[in-house]
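Trainee: Starting from the known structure of chain A, fit chains B and C onto it as the hints suggest.
Protein chains in written order, with my numbering: chain A, 1 to 367; chain B, 1 to 156; chain C, 1 to 202.
A couple of the hints might just be wrong.
27 Å max Cα-Cα, derived DSS-like pairs, lysine-lysine [to be verified]: (1) K92/A x K92/C; (2) K96/B x K16/B; (3) K40/B x K121/B; (4) K157/C x K105/C; (5) K40/B x K92/A; (6) K129/B x K92/A; (7) K157/C x K200/C; (8) K136/B x K110/A; (9) K110/A x K145/B; (10) K65/A x K96/B; (11) K169/C x K105/C; (12) K92/C x K200/C; (13) K96/B x K92/A; (14) K94/C x K105/C; (15) K121/B x K145/B.
Since the hints were made in silico from the structure, they are not lab data.
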Amino acid sequence: MYVAVKGGETAIANAHRLLADRRRGDRNLPAITIEQLIEQLGLGVDRVMAEASLFDRSLAALALKQSRGDMIEAIFLLRAYRTTLPRFGTSKPVETGSMQVERRVSATYKDLPGGQLLGPTFDYTHRLLDPSLLEDGMVDQAVERPGTPDHVMRVSDILDGEGLIEPDGEMPEDHVAGDLTREPMEFPMQRDLRLQALARGDEGFLLALAYSTQRGYGRTHPFVGEIRMGLVEVELEVPELGFTVSLGEIRVTECQMVNQFKGSAKAPPQFTRGYGLVFGQSERKAMAMSLVDRALRADEFGEDRLAPAQDEEFVISHCDNVQATGFVEHLKLPHYVDFQAELDLVRRMRARHAAEMNRDIDKEAAE
Amino acid sequence: MEAATTHHQAEPPARKRVLDLLARATRTDMETVFNALVTKPNHERLRGPETGLVMVRGRMGGGGAAFNLGEATVTRATIRFTDGTVGHSYRLGTDKRAAELAAIFDALWQQDSTHQLVEDKLLKPVEEKLSAEQTKRAAQTAATKVEFFTMVRGED
Amino acid sequence: MQIHETSLTGGFTNPVLDSQNVFRTVMNCMAQPGTIGEVAMGVEPPAPLGAAAGAVMLTLCDHDTAVWLGPHLLTPGITGWLGFHCGAPLTKEKTEAKFAFAHHKAPLPSLMSFAQGTLEYPDRSTTLVIEVEALDGGPTLELKGPGIRTTALLSPKGLPEHVLKQWAKNGQIFPQGVDVILTAGHRLAALPRTCKISLKEA
Chain A
1 MYVAVKGGET AIANAHRLLA DRRRGDRNLP AITIEQLIEQ LGLGVDRVMA
51 EASLFDRSLA ALALKQSRGD MIEAIFLLRA YRTTLPRFGT SKPVETGSMQ
101 VERRVSATYK DLPGGQLLGP TFDYTHRLLD PSLLEDGMVD QAVERPGTPD
151 HVMRVSDILD GEGLIEPDGE MPEDHVAGDL TREPMEFPMQ RDLRLQALAR
201 GDEGFLLALA YSTQRGYGRT HPFVGEIRMG LVEVELEVPE LGFTVSLGEI
251 RVTECQMVNQ FKGSAKAPPQ FTRGYGLVFG QSERKAMAMS LVDRALRADE
301 FGEDRLAPAQ DEEFVISHCD NVQATGFVEH LKLPHYVDFQ AELDLVRRMR
351 ARHAAEMNRD IDKEAAE
Chain B
1 MEAATTHHQA EPPARKRVLD LLARATRTDM ETVFNALVTK PNHERLRGPE
51 TGLVMVRGRM GGGGAAFNLG EATVTRATIR FTDGTVGHSY RLGTDKRAAE
101 LAAIFDALWQ QDSTHQLVED KLLKPVEEKL SAEQTKRAAQ TAATKVEFFT
151 MVRGED
Chain C
1 MQIHETSLTG GFTNPVLDSQ NVFRTVMNCM AQPGTIGEVA MGVEPPAPLG
51 AAAGAVMLTL CDHDTAVWLG PHLLTPGITG WLGFHCGAPL TKEKTEAKFA
101 FAHHKAPLPS LMSFAQGTLE YPDRSTTLVI EVEALDGGPT LELKGPGIRT
151 TALLSPKGLP EHVLKQWAKN GQIFPQGVDV ILTAGHRLAA LPRTCKISLK
201 EA
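Isolated chain A, as found in the complex:
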């Protein structure tokens, strides 16, 4: 059976116009600007960048405005945009050790070189709605404490000095970092590819998985060794110049999760690690990523893979919210032909069922 699928052009055009109208909302209110979104809804902009896997605050803000605040729609827009651009190259790895730190906390050491720097955090707020924000009142400037900042040492280096923690994570010498935007995914997957997938993965999905590991589904007994957020340089080797150019700074959040230590025949018991690195200021995502990274390393440490968070194929195949939304949302598109086939099938099954019932009744009557 064939069902016509043409038509609806006028309806679609009018729907898009209605969408634009609703997006603008009350014309008596000033239109929101990209700069306002960047300055005042910055963490929303950061989340769009992180999950779109594209660092550009202006474009992420534009996408957020265009999508009326629908995060996944905004991420989708940015992902679509990036496919139109050529790739100029690959940066040198960003050095989070020399980050211009804007926040750094450790849950494992109270007094550590560089100290506990709270930065612009929601922690210790009372989570009470603040009516003063209803008005455009004066906001105090941040307090400044001048002086040369101390070098902010990595917590992992402190433990490393004693050999109590595994190293940063190495790959074979000739290994080239995989890129899942270029090559189809294959399982089992190397850790570099997993980290790329997790860095662009859905925050909600990773958060739920991370939470599940704490509740006993793949327990790794984690401590936050360190969270740091701040600016790192992006450096690119430029062949026509013959030297490395620094393209500017980007803000990233890093989490070093320190986990339990089983040890093996080869290595004495030592702390193991999960790693999270995310575009923008996004501590929850970096923490969730580091917990899931550690859970996915189960095989490396000879742990049984029993929990969902340890199931590589399950986690990596389902953490991308653009893929997920595409497949879930496609269900609303016309499936008229498929459904007609199913209708036909169920009618035939019912007819057969009814015929069998009648035959049984006839048989009983005959007896």
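Mentor: Just chains B and C, lined up with the frame of chain A:
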């Protein structure tokens, strides 16, 4: 490879500082200095200005093997003056005019007649502004440093 | 390391439209073997890379395609041009090359020494771009296969002999095997792996 035929050929570190600063100068910074130039240079575009992507890498564990973190938008330009001086630029973001201006200033910096002007009017002010911003950010962060003190406990 | 001056010039004047134009030309030549395409825009790659070969390079090569250059083309000017305009990495390993550029003045390695693709991904084979002396005036080849109604004729001059000798073998491993683009100055023609070639008796 052979040396390019550009003037005032500098050692990489000196020119690197120029490109790094021009990547951070705002379009307004550059537009202002450009508009104040008495003689505007004639340039042809050899490549771009064009926007593309750079895959940004991180290191597992912060210092280990590289992995691909995600991409960033980058805009670049290469221009040439009539005398053959070539200017390049690479900047984060999608501002094509800013990339072209940065490439022009890279070329102007290489020329004897405009070298000092680019240093004084553009590079040094940008350097100072960046340094001030960095100092301010660090001071704001430092003010949120926790000073622990130990409570005196029971008598025994 | 500084880049050679000629490496910076001679690219597309209008990268988007020009590369679309060249892509269409290459596609038509591939789809209908025997067709001779022409690259009309002013592409000026460093010698001895021809205009058509240069245009194909600008259109098809980028950061993600490793390029192998034959000995005659491995000059600072050309490698710099490839790096500046395409951003493509150079490779010495023929089996890693997505594209290989060769010139009739230097010997061409066996077709089998390049990437042949896999049964799962036959598209991962090398595309060879060979600069010949001319696309006419040489021995006449009779072409058959997809995209050709009956037969098509092509008379390239200066095509390395072993290309013809190895062509049947290239066809036998289908869907694997290499594709070839022949260029001469501003002109180009294509010999896709599905094309059957026989030497026409004079």
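Trainee: For the pair we were handed, K94/C and K105/C, check the Cα-Cα distance against 27 Å.
Mentor: holds, 19 Å
Trainee: Given the hint that K129/B pairs with K92/A, does the C-alpha gap stay at or below 27 Å?
Mentor: Status holds; Cα separation ~26 Å.
Trainee: When you check the alpha-carbon spacing of K96/B and K16/B, does it fall within 27 Å?
Mentor: holds, 20 Å
Trainee: Could you grab the alpha-carbon distance between K121/B and K145/B and see if it respects the 27 Å cut-off?
Mentor: Violated, at about 37 Å.
Trainee: Going straight from one Cα to the other, do K92/A and K92/C come out at no more than 27 Å?
Mentor: Distance of about 23 Å is within 27 Å: holds.
Trainee: Quickly compare the C-alpha distance for K96/B and K92/A to 27 Å and report which way the hint goes.
Mentor: holds, 23 Å
Trainee: Starting from K40/B, check that the Cα of K121/B is at most 27 Å away, please.
Mentor: holds, 15 Å
Trainee: Sort out whether K92/A lies within 27 Å of K40/B, counting only the CA atoms.
Mentor: Answer violated: K40/B to K92/A is near 36 Å, above 27 Å.
Trainee: Going straight from one Cα to the other, do K110/A and K145/B come out at no more than 27 Å?
Mentor: holds, 12 Å
Trainee: Hint check: K169/C vs K105/C, CA-CA at most 27 Å. Holds or violated?
Mentor: This hinted pair holds, its Cα atoms lying about 24 Å apart.
Trainee: For a C-alpha distance cap of 27 Å, please report whether K157/C and K105/C respect it.
Mentor: This hinted pair holds, its Cα atoms lying about 12 Å apart.
Trainee: Within 27 Å, alpha carbon to alpha carbon, are K92/C and K200/C?
Mentor: Violated, at roughly 36 Å.
The structure is inconsistent with the numbered hints 5, 12, 15, although it conforms to all the rest.
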